[in-house]
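J.: These are the residues of each chain, in order.
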Amino acid sequence: MSTIKNFSQMTVNAIREGTVIDHIPPHNLFKVISILGLNGINNQITFGTNLESRRMGKKAIIKITDKFFTDDEINKIAMVAPQAKLNTIRNYKVVEKREVQVPDTVTGIVRCLNPKCITNNEKVTTCFNVLSKTEVTLRCHYCEQVMEADEIRIL
Amino acid sequence: MKGKSLISITDYSKEDYLEILDSAADFEKNPDQPLLQGKVVATLFYEPSTRTRLSFETAVQRLGGKVIGFSDVNSSSVTKGETLKDTIKIISNYVDLIIMRHPMEGSARYASEISDISIINAGDGANQHPSQTLLDLYSIRKTQGTLENLNVFMIGDLKYGRTVHSLLMAMSHFKPTFYFFSPEALRMPSGYKHFLKEKGIKFVEGSDFVPVIQEADIIYMTRVQKERFSDPIEYEKNKSVYVLNNAMLEHTRPNVRVLHPLPRVNEINLDVDDNPKAYYYDQARNGLYVRQAIICKVLGIK
Ligand SMILES: [Zn+2]
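Chains Y and H supply the protein sequences, listed in that same order. Under the numbering used here, the first residue of the first sequence is numbered 1, with each subsequent residue one higher. Under the numbering used here, the first residue of the second sequence is numbered 1, with each subsequent residue one higher.
You may find that some hints are simply not true.
On the chain H side, residues computed to face chain Y include the following (Cβ under 8 Å) [claimed, not checked]: (1) 69; (2) 73; (3) 83; (4) 85; (5) 104; (6) 105; (7) 106; (8) 107; (9) 110; (10) 127; (11) 190; (12) 191; (13) 193.
The set of hints was computed from the structure by calculation and includes no laboratory data. From a predicted model like this one, the values you see are computed outputs, not experimental measurements. We put the CB at the ideal spot given by N, CA and C, even for glycine.
Take the sequences, apply the hints, and build the full model.
T.: Following this line, the structure appears as structure tokens:
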């Protein structure tokens with residue numbers, strides 16, 4: 001157990017400049033990586049998963065060296081990691097802590113659950129209006145179908 | 001220049017509705033007004049709906065415009081795999097307005113985003129059919145003299161019936177009281193009921209409309225379709241509960257009118273047809289004037 005704790009601490013501490021994304025649900029770690037486009041960049045990236053978390057049971061964590069995110073960029077992961085916390089690291093110190101905010105509209109991340117929706121039948125970028133941010137509820141901008149949190153599927 | 005489009009009934013405000021109804025009333029007095037002279041309108045019907053298409057095409061012709069288009073996907077390039085995007089891009093070069101019906105939900109919204117000219121949605125799958133809702137509003141105002149403070153009965157399939165959902169949204173601007181009557185399995189979806197609660201609009205929900213029918217100003221009937229029931233016994237039990245017959249109208253208010261988006265199956269008995277309270281045939285005729293008004297509104301010519 002102590003090794004896990006150490007790893008968790010190490011991931012936060014060992015980075016000099018960059019960003020640590022904490023409290024990611026382990027099953028969505030790779031979705032977060034994909035949404036943020038981390039598989040296409042050359043920065044040094046470390047991640048740990050299935051780490052113990054008092055709040056979540058298990059969690060995943062990502063640290064990215066020399067990479068900082070705007071609110072718009074980071075809020076894209078709200079659909080898959082609504083509890084994620086962002087630590088901005090400068091000179092080994094956490095200089096800022098941010099929480100992910102659910103945006104008003106979600107573009108190009110989520111798939112519409114309606115098989116008759118135009119977005120599932122032609123090459124159309126999906127777009128959803130967020131009806132509720134606490135229990136995330138989305139309405140498709142095109143077919144107007146409403147999706148509850150447990151129905152949301154990532155593209 | 002990006003044209004204005006009518007895709008969803010909620011694209012319009014209360015003021016927009018009233019403007020269209022006033023304009024439609026003017027067209028009812030005088031349907032032949034050459035406001036579209038020199039203009040060409042495309043009617044793209046990816047699935048057949050003869051009544052809606054003829055109503056729109058008549059509206060264009062009565063306004064002095066010309067119509068091109070198709071009413072059968074088999075005779076168009078769509079079957080050769082052309083995307084909706086390409087069809088809309090190309091046809092929007094030729095015409096001044098596109099009126100489209102398409103089986104995919106959201107197709108009309110998408111078309112309005114890729115087209116430089118106005119789009120009127122004549123039905124996108126089970127989603128929206130705003131000209132139907134506007135002609136319902138027109139029929140209600142015409143028969144009641146107002147849209148405000150009416151008791152609106154909605155009877156039949158309230159779960160899947162898009163016409164009742166759109167009418168609910170549109171009427172919510174006018175302080176109605178709704179009475180919902182449907183089989184248990186076809187109740188009004190909770191999202192709409194939440195919406196009404198938030199807006200402070202009264203509604204009653206039940207299974208038998210006969211005991212309270214004397215409260216109604218508008219009786220809006222919809223089809224209860226067999227395929228909506230997983231259990232055929234449930235369908236048999238429910239189908240006759242939601243049939244309106246002439247005797248039921250005996251003690252109703254003198255101003256009450258029976259509406260139905262048509263086509264009907266058996267939910268309105270034929271003996272209702274000759275009752276002056278039956279309004280569904282006039283309702284269909286009103287569609288012409290309302291569609292003239294919608295066309296002029298999106299084109300900004302009246
Ligand atoms: Zn959709």
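J.: A separate judgement is required for each hint: does it hold in the structure or not?
T.: Hints, verified against the model:
1. 69: violated (20 Å)
2. 73: violated (14 Å)
3. 83: OK, holds: residue 83/H within 8 Å of chain Y, min 6 Å.
4. 85: Given a least distance of 7 Å, the restraint on residue 85/H holds.
5. 104: Residue 104/H check passes; min Cβ-Cβ to chain Y is 5 Å, inside 8 Å.
6. 105: Interface hint status for residue 105/H: holds (4 Å vs cutoff 8 Å).
7. 106: Hint on residue 106/H: holds, closest Cβ of chain Y at ~3 Å, below 8 Å.
8. 107: holds (5 Å)
9. 110: holds (5 Å)
10. 127: Status holds, d = 6 Å.
11. 190: violated (10 Å)
12. 191: holds (6 Å)
13. 193: violated (13 Å)
Of the hints listed earlier, those the structure fails to meet are numbers 1, 2, 11 and 13, in rising order.
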